[in-house]
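Asks: Residue numbers (the working numbering), protein chains in the order written: chain A, 512 to 813; chain B, 512 to 813.
Since the hints were made in silico from the structure, they are not lab data. Take the hints with a grain of salt, since some may be wrong.
Which copy is meant is left open, so a pair is good if it fits within one copy or across any two.
[Unchecked claim] Taking lysine-lysine pairs in the DSS-like style, the calculated list, with each CA pair at most 30 Å apart, reads: (1) K603 - K582; (2) K725 - K713; (3) K603 - K725; (4) K579 - K713; (5) K664 - K603; (6) K713 - K603; (7) K664 - K582; (8) K713 - K768; (9) K664 - K713; (10) K603 - K579; (11) K670 - K582.
Number of protein chains: 2
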Amino acid sequence: MSILVVGSVALDTVRTPSGYAEETLGGSATYFSVAARFFADVLLVAVVGEDFPAEHVQFLESRGVDLKGLKRVGGKTFRWEGEYLLDLNEAKTIRTDLNVFEHFRPVIPEEYRDADVVFLANIDPELQLDVLRQVSRPDLVACDTMNYWIRHKPRQLRKTLEQVDMFFLNEAEARELSGEGNVVRAARYIQTLGPSIVVIKKGENGALLFHGEKMFWAPAYPLEVIHDPTGAGDTFAGGFVGYVSREGDMSPRSLRKGLVYGSILASFNVEDFSLRRMATVTADDIERRFEEFRHLTSFEVL
Amino acid sequence: MSILVVGSVALDTVRTPSGYAEETLGGSATYFSVAARFFADVLLVAVVGEDFPAEHVQFLESRGVDLKGLKRVGGKTFRWEGEYLLDLNEAKTIRTDLNVFEHFRPVIPEEYRDADVVFLANIDPELQLDVLRQVSRPDLVACDTMNYWIRHKPRQLRKTLEQVDMFFLNEAEARELSGEGNVVRAARYIQTLGPSIVVIKKGENGALLFHGEKMFWAPAYPLEVIHDPTGAGDTFAGGFVGYVSREGDMSPRSLRKGLVYGSILASFNVEDFSLRRMATVTADDIERRFEEFRHLTSFEVL
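Generate the whole structure from the sequences, applying the supplied hints.
Replies: Below, the structure written as structure tokens:
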């Protein structure tokens with residue numbers, strides 16, 4: 512199974528209570544790709560500037576991410592600078608320099624157009640819709656967004672959502688999009704906009720999955736040390752969509768196990784800055800934490 | 512199995528986004544007792560004033576709560592007035608009139624002193640310790656507290672905790688007591704103060720159980736309508752301690768199922784003001800929601 516991901520590849524500068532990292536590899540498409548690659552082929556479409564370090568390209572190549580869709584253009588790479596205070600669930604943005612990302616118009620390479628699965632990372636919903644026009648009937652369309660688009664492009668976002676099967680958003684975004692304070696009612700409303708599968712991300716409190724009329728809750732794996740939450744949401748989506756793609760079905764069991772794998776991959780990601788931990792984690796590490804996760808949530812078979 | 516509970520019986524006035532209730536039955540010992548009674552015998556020690564309505568006494572009697580320890584003295588009953596805004600996890604106290612509760616010195620009736628289990632609801636840690644001096648070696652001592660005692664009686668609270676097996680507190684209290692921002696490290700530290708079992712309550716995000724070196728996470732049952740969160744924590748503790756008492760063992764399975772029952776009873780309690788929903792919920796309702804809870808958290812057997 513192959514997953515086409517369209518989003519950002521960036522250079523991040525991040526300060527958290529446990530440290531600081533400058534101009535490290537980041538971006539929604541990057542985090543998603545590296546996580547999803549544990550389970551499926553990944554075809555990446557994004558843009559970087561002339562200054563994008565060769566070592567980052569090599570890292571993504573070493574993970575087997577297909578980079579034919581990574582365009583390098585004149586100008587500087589998208590940069591984000593942010594800070595986390597004691598509440599690690601919320602990033603405070605210090606600076607966003609869109610640079611070459613400002614005029615990003617995703618062009619899907621011919622050989623990517625029949626990808627089985629499409630993941631639209633957090634970009635302008637008009638661009639998300641434009642990507643869907645270029646692909647040929649994927650089995651699954653998954654999509655992320657952010658409060659900015661909910662506020663400033665509500666009509667375009669709703670148009671995109673009509674074509675989306677699986678939608679990722681956090682609690683605050685779900686409340687804002689639906690106008691419902693209660694998260695269950697918010698998710699039920701969002702399902703009427705198109706996506707039959709809605710995933711409400713709750714940061715360190717895990718995630719709620721709404722599939723059809725059913726509900727599933729997976730906690731986040733509780734860690735004693737969290738160094739950098741950046742990219743947790745995209746890593747989570749990458750693990751989730753990756754696992755479901757590999758299983759090749761949308762059964763409740765596949766979706767629920769996928770959510771757990773997403774949660775586990777995110778738990779590794781936050782153990783270090785940028786993608787440092789993701790660069791060393793192995794399939795065995797993931798399976799071991801899956802066992803721990805099973806124990807964390809079991810109350811009958813022990 | 513019998514559970515001795517020592518705490519408050521109160522008259523609450525509560526405003527939430529969905530309504531208002533004036534001078535209704537409340538108090539930590541009340542909520543705990545009614546929930547625990549689904550599983551075990553409950554012996555209540557508390558104090559009320561001359562103005563305490565007979566209908567509330569009749570209600571507690573009708574639930575089979577032993578009221579020999581409910582003392583009626585001259586003066587007015589403890590009153591609490593609070594409000595919940597959109598964040599239902601946090602009550603804003605408008606007024607606290609301690610009244611007869613101010614001079615409450617729990618005297619444990621002779622026939623309560625060999626109770627199998629003791630639950631020390633949120634009262635002055637010096638009084639909690641005084642209760643423990645009056646009882647004869649219970650199998651389990653469980654205890655609740657609040658930020659006020661953590662701040663103002665830290666030495667006394669620690670002295671009480673040395674004799675506690677199971678300690679309930681919320682995330683903010685755990686951070687304050689331990690000085691640790693990370694909740695896992697906070698719980699591990701609190702275990703060194705005495706209680707081998709630490710339960711961190713996370714409101715609508717469920718609860719984390721630390722037992723020995725193990726961890727268990729149960730979500731809160733996600734509801735579409737929450738009318739009044741008052742008493743959720745004590746109802747949760749009542750369901751938990753009640754179930755564990757009935758099972759008569761502290762095995763991981765018993766503790767974990769107990770936490771789930773606690774979460775389920777709390778989910779009923781918040782469906783209406785005061786104990787209105789608890790007055791109608793049946794053992795069948797509880798088992799039905801247990802099944803739903805199993806489905807909510809299952810990712811392998813479906």
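Asks: All hints, please: hold or fail.
Replies: Comparing the hints with the structure gives:
{"no.": "1", "hint": "K603 - K582", "in the structure": "within (29 Å within a copy, 54 Å between copies)"}
{"no.": "2", "hint": "K725 - K713", "in the structure": "both (18 Å within a copy, 23 Å between copies)"}
{"no.": "3", "hint": "K603 - K725", "in the structure": "neither (34 Å within a copy, 34 Å between copies)"}
{"no.": "4", "hint": "K579 - K713", "in the structure": "neither (34 Å within a copy, 46 Å between copies)"}
{"no.": "5", "hint": "K664 - K603", "in the structure": "within (22 Å within a copy, 36 Å between copies)"}
{"no.": "6", "hint": "K713 - K603", "in the structure": "both (17 Å within a copy, 24 Å between copies)"}
{"no.": "7", "hint": "K664 - K582", "in the structure": "within (26 Å within a copy, 63 Å between copies)"}
{"no.": "8", "hint": "K713 - K768", "in the structure": "both (17 Å within a copy, 24 Å between copies)"}
{"no.": "9", "hint": "K664 - K713", "in the structure": "within (24 Å within a copy, 34 Å between copies)"}
{"no.": "10", "hint": "K603 - K579", "in the structure": "neither (33 Å within a copy, 56 Å between copies)"}
{"no.": "11", "hint": "K670 - K582", "in the structure": "within (27 Å within a copy, 65 Å between copies)"}
Hint compliance for this structure: hints 3, 4 and 10 are not met, and every other hint is.
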